[in-house]
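S.K.: Residue numbering for the sequence shown follows the working numbering, starting at 597 and increasing by one per position.
For the record, the hints were derived by calculation from the structure and aren't laboratory data.
Check each hint, because a few of them may be wrong.
[As the list claims (entries may be wrong)] Below, a list of computed lysine-lysine pairs in the DSS-like style, where the Cα atoms sit at most 30 Å apart:
hint, residue 1, residue 2
1, Lys-683, Lys-709
2, Lys-661, Lys-709
3, Lys-661, Lys-683
[Said to hold, decoys possible] If you anchor each label on the Cβ, the simulated ranges turn out as follows:
hint, residue 1, residue 2, range
4, His-648, Ser-603, 30 to 38 Å
5, Asp-617, Ala-672, 12 to 20 Å
6, Val-637, Val-703, 12 to 20 Å
7, Asp-600, Pro-665, 30 to 38 Å
8, Asp-617, Asp-697, 29 to 37 Å
9, Ala-654, Lys-709, 29 to 37 Å
10, Ala-615, Asp-697, 28 to 36 Å
C-beta: ideal position from N, C-alpha, C; glycine also.
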Amino acid sequence: MGADQVSEIAPGVREALEAPDFCATFEVAGHADKWVQFHGVTLNAAYPRAEHPSAVLAALGGRLKEWAPGISLTVALPTDEARTIAKWIDRYFETVLGASDDYGVDVRLERVKTVGRASNDSSASGY
Numbered sequence: 597m598g599a600d601q602v603s604e605i606a607p608g609v610r611e612a613l614e615a616p617d618f619c620a621t622f623e624v625a626g627h628a629d630k631w632v633q634f635h636g637v638t639l640n641a642a643y644p645r646a647e648h649p650s651a652v653l654a655a656l657g658g659r660l661k662e663w664a665p666g667i668s669l670t671v672a673l674p675t676d677e678a679r680t681i682a683k684w685i686d687r688y689f690e691t692v693l694g695a696s697d698d699y700g701v702d703v704r705l706e707r708v709k710t711v712g713r714a715s716n717d718s719s720a721s722g723y
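Generate the whole structure from the sequences, applying the supplied hints.
M.R.: Structural data, given as structure tokens:
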């Protein structure tokens with residue numbers, strides 16, 4: 597686990613926790629195919645493997661909500677503590693997505709489209 601990466605990821609997680617209408621997207625720098633999105637207590641992530649992610653979740657924790665083999669998975673986490681979630685994301689990057697020990701991370705915060713907003717509300721935008 598990279599302390600530097602956890603320190604880079606944690607503020608984005610914290611922002612998404614404090615502003616529930618935002619999603620934090622984390623990418624391994626230079627690898628757009630290695631990504632994790634966090635919103636609420638749910639993670640959506642690239643999942644390049646064909647096998648069921650039960651072994652991954654047994655090692656990392658979390659409850660599988662859905663998955664598409666070779667594409668992505670969605671996981672509910674049992675915590676809302678930013679540093680713990682950042683550590684989960686870091687371990688996922690390294691163990692599932694094959695990031696090196698010294699990978700860089702790009703962080704992006706985006707407003708999520710909220711169902712039920714009036715169509716003339718210009719503050720709602722998709723991601």
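S.K.: With reference to the structure, classify each hint as holding or not holding.
M.R.: The hints, checked one at a time:
no. : hint                          : result
1   : Lys-683 x Lys-709             : 27 Å, holds
2   : Lys-661 x Lys-709             : 20 Å, holds
3   : Lys-661 x Lys-683             : 20 Å, holds
4   : His-648 x Ser-603: 30 to 38 Å : 32 Å, holds
5   : Asp-617 x Ala-672: 12 to 20 Å : 19 Å, holds
6   : Val-637 x Val-703: 12 to 20 Å : 18 Å, holds
7   : Asp-600 x Pro-665: 30 to 38 Å : 32 Å, holds
8   : Asp-617 x Asp-697: 29 to 37 Å : 34 Å, holds
9   : Ala-654 x Lys-709: 29 to 37 Å : 33 Å, holds
10  : Ala-615 x Asp-697: 28 to 36 Å : 31 Å, holds
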